[in-house]
Amino acid sequence: ETGVTQTPRHLVMGMTNKKSLKCEQHLGHNAMYWYKQSAKKPLELMFVYSLEERVENNSVPSRFSPECPNSSHLFLHLHTLQPEDSALYLCASSQDLRTSGRPDEQFFGPGTRLTVL
Amino acid sequence: AQSVTQLDSQVPVFEEAPVELRCNYSSSVSVYLFWYVQYPNQGLQLLLKYLSGSTLVESINGFEAEFNKSQTSFHLRKPSVHISDTAEYFCAVSQRNTGFQKLVFGTGTRLLVSP
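In the order they appear, the protein sequences are chains A and B. At position 105 of the first sequence (counting the first as 1) the number is 105 in my numbering, and the numbers step up by one without a gap. Quick note, my numbering runs 1000 ahead of the 1-based positions in the second sequence.
Bound-form chain B, shown alone:
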């Protein structure tokens, strides 16, 4: 079984400051890793994913995450945040080599960007 821990339920930050949202996971098998974002009154959208290869993955809007196998972490970072990045961010894992994709989510981190 897999589990995901997002220790920070809320992260306040000023606009243009850097931010890191932490994610640690536990699994006895190899996993895929994901970050999803949820804006108010919307469903979840995939932000980025790690499947294999380079441990650093990037999104189109400036976020990046690095897979660290030894620390079982997949922290999300952005060097300079915008007001529009205010949302809830969910880290998730899924087991490799299964048919349907069973995602196990963390409890989410609310990013609050203020001017």
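Same shape as in the complex, but just chain A:
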């Protein structure tokens, strides 16, 4: 596998379900991101883990819970979601500026298309 991979690619869940999204990067990066992409809205940064510490939580509802066990893996745990949470969830990775010394591009995975019924 190369780049950034995400599983599953599609997920349909009820409001009472618990599920997890998985992201893995094979680029040797030390920062990982979760974004939410909804129609007609800008991409919304949800969480950032950089150098294995969560450095930003963008006022996301607590029904979304991130986990970053190491610099290559990122999870988004979902529980009691609402229909308005249906969206494309994108994972990305990059090198933190403090270690690279220069701004690097973020590499994105293909996303998980989530539908909440």
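Quick caveat, the hints were computed from the structure, so don't treat them as lab data. If you're wondering where the values come from, they're calculated on a predicted model, not measured in any experiment. Even glycine gets a Cβ: it sits at the ideal position worked out from N, Cα and C. Any given hint could turn out to be false.
To give an idea of the interface, some chain A residues facing chain B are shown, with a C-beta separation under 10 angstroms as derived from the structure [said to hold, decoys possible]:
| hint | residue |
| --- | --- |
| 1 | G3 |
| 2 | G14 |
| 3 | K18 |
| 4 | Y35 |
| 5 | P42 |
| 6 | Y49 |
| 7 | E84 |
| 8 | D104 |
| 9 | E105 |
Which chain B residues face chain A? A few, computed with CB under 10 angstroms, are given here [said to hold, decoys possible]:
| hint | residue |
| --- | --- |
| 10 | S1003 |
| 11 | F1014 |
| 12 | Y1025 |
| 13 | Q1042 |
| 14 | L1044 |
| 15 | Q1045 |
| 16 | T1086 |
| 17 | F1100 |
| 18 | K1102 |
| 19 | F1105 |
| 20 | G1106 |
| 21 | G1108 |
Using the hints, position chain B against chain A.
Quick look at chain B alone, frame taken from chain A:
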């Protein structure tokens, strides 16, 4: 705080015609500027970026963008588009001198190229 405006939600154009996708930003601090492209059922890919130096930056597939500080713009242009350029294009900014890269995106412009 930064914000990005892409006024055109959709731009239809014929193959081999020129195109310009507009991007304006607002920021109280210096920023880096990016254009990302998203093809159907895929994640975003970096198209080009402005970090410093020459205000005109180019991509490998014929796109170019010019940073205009006085107009706070970073418009994307291509002199002759192909059918394969059909995609959604996102302009983004990030603040300089931060650790992780916090990208602020516009709402995107869908480029539709027809024969």
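Now the hints, each set against the structure:
{"no.": "1", "hint": "G3", "result": "holds, 9 angstroms"}
{"no.": "2", "hint": "G14", "result": "violated, 24 angstroms"}
{"no.": "3", "hint": "K18", "result": "violated, 25 angstroms"}
{"no.": "4", "hint": "Y35", "result": "holds, 9 angstroms"}
{"no.": "5", "hint": "P42", "result": "holds, 4 angstroms"}
{"no.": "6", "hint": "Y49", "result": "holds, 8 angstroms"}
{"no.": "7", "hint": "E84", "result": "violated, 18 angstroms"}
{"no.": "8", "hint": "D104", "result": "holds, 7 angstroms"}
{"no.": "9", "hint": "E105", "result": "holds, 4 angstroms"}
{"no.": "10", "hint": "S1003", "result": "holds, 9 angstroms"}
{"no.": "11", "hint": "F1014", "result": "violated, 26 angstroms"}
{"no.": "12", "hint": "Y1025", "result": "violated, 12 angstroms"}
{"no.": "13", "hint": "Q1042", "result": "holds, 5 angstroms"}
{"no.": "14", "hint": "L1044", "result": "holds, 4 angstroms"}
{"no.": "15", "hint": "Q1045", "result": "holds, 7 angstroms"}
{"no.": "16", "hint": "T1086", "result": "violated, 18 angstroms"}
{"no.": "17", "hint": "F1100", "result": "holds, 4 angstroms"}
{"no.": "18", "hint": "K1102", "result": "holds, 7 angstroms"}
{"no.": "19", "hint": "F1105", "result": "holds, 4 angstroms"}
{"no.": "20", "hint": "G1106", "result": "holds, 6 angstroms"}
{"no.": "21", "hint": "G1108", "result": "holds, 8 angstroms"}
The structure is inconsistent with the numbered hints 2, 3, 7, 11, 12 and 16, although it conforms to all the rest.
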